[in-house]
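Kindly generate the complete structure, drawing on both the sequences and the hints.
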Amino acid sequence: MKKDDSFFLENTSPEHDQRIMDSVQENLIRNRRSYEDKKPNWFSAWSLMGMGLSTAVFAGVLTLLLTTRNRENGSELFAFAELDLTSEEIEFLSTDIELIENIEMLELMEEDV
Amino acid sequence: MDDQALIRKIAKGDSKAFESLFQKYKALVYGYSRRLLVSESLAEDNAQETWMKIVQYAHQYQEQGSLKSWMITIAKNTALNTLRKRGWEEELENETSENIQDLSLDLLSMMENQQTLGKMRKAIEELPDRQRVILILWISEEKSYEELATDLQINLNAAKVLLFRAKQNLQKMIAEDQ
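Sequence lines, in order, name chains A and B.
Numbering of the first sequence is given in the numbering used here, commencing with residue 2 and proceeding in unit increments.
Numbering of the second sequence is given in the numbering used here, commencing with residue 5 and proceeding in unit increments.
It cannot be assumed that every hint is accurate.
[Claimed, not checked] EDC-like, lysine to aspartate or glutamate: derived pairs with alpha carbons at most 16 Å apart: (1) B:Lys20 <-> A:Asp18; (2) B:Lys30 <-> A:Asp18; (3) B:Lys30 <-> A:Asp6; (4) B:Lys28 <-> B:Asp6.
No lab work stands behind these hints, which were simulated from the structure alone.
Below, the structure is given as structure tokens:
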């Protein structure tokens, strides 16, 4: 049967309305808590991503620095090959950390000779 | 904000969304409860329980159907539970549908007229429980005999007889009143 709602509509009292508003509050709070629990924690996710990114950047920069340093050292070692060094001299240079100082020392040694 | 957006917000615990939905449908939920249960206090309790269930099950609402129908179904099921617990006024007899005729009861035009609408409400209130309920469900939900029988947990013949008697009695009462 086709109809509108007028047959069913009936006014409510303010007391009745207030009673209902009060009675649903607990369920509304429960819904809010349940939603908050299910909601993804974007702050934690972003923190984790930030930490990951920082670590990756730090590792990248470190790798780049070491590579550059190695390249520089490599070119210095390559330069030693042209000096026609003895095996003792090469061993001495390769075990020393301060290569530049060694080069200077080597030059002094050559001058003495 | 439309109904779907309101119920989604209620599922997240939004009090303002609930207030909007409540203001929009409070007269319908209460009025529907009143038509089924007649008693003012039972109808108030039924409306309260219905609204609590609406909030509680908001997250389960499937958006395919209208929210209004979903809310009315909750109100109806809650009222039917109350009536079953309380016990129906009349016992079902061994009903046969042999003598049922199709009554040409023009309820639609009665409902459109404010004067006859009031008389009709009053007359329906005086019907026995089962006749009243089956008539309300038939008016509100355009249900088939099978669906009405399922709602009232009775057999098909009993549903046909009850609806026929309800219409017949309503016609008689309205005629007497005029």
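Here is how each hint holds up against the structure:
Distance check on the hinted pair: Lys20 (chain B) and Asp18 (chain A) sit about 14 Å apart at the alpha-carbon level, within 16 Å; holds. Taken as a hint, the Lys30 (chain B) and Asp18 (chain A) pair is honoured in the structure, with Cα atoms around 8 Å apart against an allowance of 16 Å. Taking the CA atoms of Lys30 (chain B) and Asp6 (chain A), the gap is about 12 Å. The hint holds against a cut of 16 Å. Using a Cα cut-off of 16 Å, the hinted pair Lys28 (chain B) and Asp6 (chain B) holds, with the two alpha carbons roughly 11 Å apart.
In summary, this structure violates none of the numbered hints.
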